[in-house]
Every structure is written in structure tokens, then in C-alpha cells.
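**Student:** Heads up, the sequence shown stops at 522 in my numbering, and the numbers go up one at a time, no gaps.
Derived by calculation from the structure, the hints in this document are not laboratory data.
All of these numbers come straight from a predicted model, not from anything done at the bench.
Yeah, the Cβ is synthetic: ideal placement off N, Cα and C, and Gly gets one too.
Check each hint, because a few of them may be wrong.
[Claimed, not checked] Quick list of the computed label-pair ranges, beta carbon to beta carbon: (1) D485 to G344: 17 to 23 Å; (2) L348 to G458: 21 to 27 Å; (3) Q403 to P496: 15 to 21 Å; (4) S498 to S379: 18 to 24 Å.
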Amino acid sequence: MIKNKSDLPAALMLEDGTFFLGISCGALGEACGEICFNTSLVGYVESISDPSYAGQIVNMTYPQIGNYGVAHADMQADHLHLKGVVVRDMCYTPSNFRSDESLPELLTRQGVVAIENIDTRHLTRHIRDAGAMRAILSTVDTDPTSLLEKVRASAALDAQNLAATVSTPESYLYQDWEKIHDFALKTPQPERYHV
Numbered sequence: 328m329i330k331n332k333s334d335l336p337a338a339l340m341l342e343d344g345t346f347f348l349g350i351s352c353g354a355l356g357e358a359c360g361e362i363c364f365n366t367s368l369v370g371y372v373e374s375i376s377d378p379s380y381a382g383q384i385v386n387m388t389y390p391q392i393g394n395y396g397v398a399h400a401d402m403q404a405d406h407l408h409l410k411g412v413v414v415r416d417m418c419y420t421p422s423n424f425r426s427d428e429s430l431p432e433l434l435t436r437q438g439v440v441a442i443e444n445i446d447t448r449h450l451t452r453h454i455r456d457a458g459a460m461r462a463i464l465s466t467v468d469t470d471p472t473s474l475l476e477k478v479r480a481s482a483a484l485d486a487q488n489l490a491a492t493v494s495t496p497e498s499y500l501y502q503d504w505e506k507i508h509d510f511a512l513k514t515p516q517p518e519r520y521h522v
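Please model the complete structure; the sequences and the hints are all you need to start from.
**Tutor:** Structure (C-alpha cells):
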């Protein structure tokens with residue numbers, strides 16, 4: 328169980344040369360993707376497990392992330408598809424009776440590189456001003472020159488078929504109608520639902 332902050336350096340480099348140095352709070356390694364931001368106050372579990380973030384490094388603008396841990400029942404997918412997570416302050420000891428594990432544990436277990444001690448609000452303003460761009464997040468290389476070369480050589484998000492990476496290989500039937508919310512189902516329940 329991950330209980331404390333790491334002292335392992337981590338770096339975030341944007342393709343325009345903007346550089347951030349922080350500490351690792353997820354898996355070790357290196358990941359390239361499109362930098363984006365999420366300004367939600369709650370719902371980080373649903374956000375990071377949302378398959379629509381495939382290929383992206385998500386900057387969480389809210390100052391502390393992870394304080395209520397991860398309840399597996401709230402996950403939007405079984406596997407995380409995002410490339411990385413950026414936070415200001417990561418909570419390692421969540422307080423929630425529903426929590427199955429901490430956010431750093433989930434990120435580490437699923438191989439998602441993450442960084443903390445970053446001014447995420449400044450980063451969000453920069454992304455808003457500069458627009459979408461590639462980024463690299465690394466715990467194995469913190470040299471700005473090297474990271475800038477790597478990120479500029481990485482594939483653009485629009486050059487990738489991300490739908491194929493998040494789709495199920497085969498169609499399947501979903502029949503657990505008790506889990507479908509009333510607001511989402513306004514017609515009589517059919518005997519089966521094809522996804």
C-alpha cells in the first residue's frame with residue numbers, strides 16, 4: 328500500500344517548451360499524449376477511467392485529488408486508457424468507507440505515469456491560452472532538452488485511431504437492468520440490450 332509521497336523526481340514537458348518539475352505519484356516510466364485539463368471538483372475516478380481520455384495526459388485543476396480514494400464500482404472502464412495524470416497535491420490516505428484503494432495505487436497498478444507538486448491552475452490557464460498540444464510525462468528522464476526532443480517527435484493525437492484502442496473486441500449483451508438509471512431509460516425494458 329502506497330502511504331507516503333515519493334521523492335522520485337518527475338517531469339512534464341509541453342511541445343511549446345513549457346517545463347514543469349515535480350514528483351512521481353503513479354507508475355514509473357514515460358508517456359506521451361495530448362495535454363488537456365479537467366476542472367471538476369469531484370468525480371476524479373469517473374474522469375480518469377473515462378475511455379474518452381485515451382491518448383491524453385489529464386491535468387486535474389482542483390488542488391487535491393485522491394482524498395476519497397477509488398471505489399471500483401464508480402469506474403467507467405476496467406482499464407485506464409489515459410496516458411498520464413497531473414495533480415497539485417495527491418492524497419495517499421483516502422477517507423471513504425467505499426474506497427477500495429488509493430488513487431496512487433490504482434495508477435501504479437494500471438501503469439499510468441503521474442506527477443504532483445505542479446501548479447495545475449497555471450497549467451490550465453496556459454493550455455487555454457496556447458491550445459491543444461502534445462506533452463511528455465516522465466519519471467526516467469527529467470532533462471528539458473531531451474524531453475523537448477522526444478515530445479516533438481511523438482505522434483499527434485489526431486494521427487491515432489484511439490477508438491480502436493478503447494472499443495471492445497466483440498459485441499456483448501448487457502442484461503442487468505437494475506443498474507441502469509431511471510433517467511437514462513424512458514422506454515419499456517426490452518428483454519435484452521445489445522451493446
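**Student:** So, against the hints stated earlier in the document, which numbers end up violated here?
**Tutor:** The structure conflicts with no hint, since it agrees with every one listed earlier.
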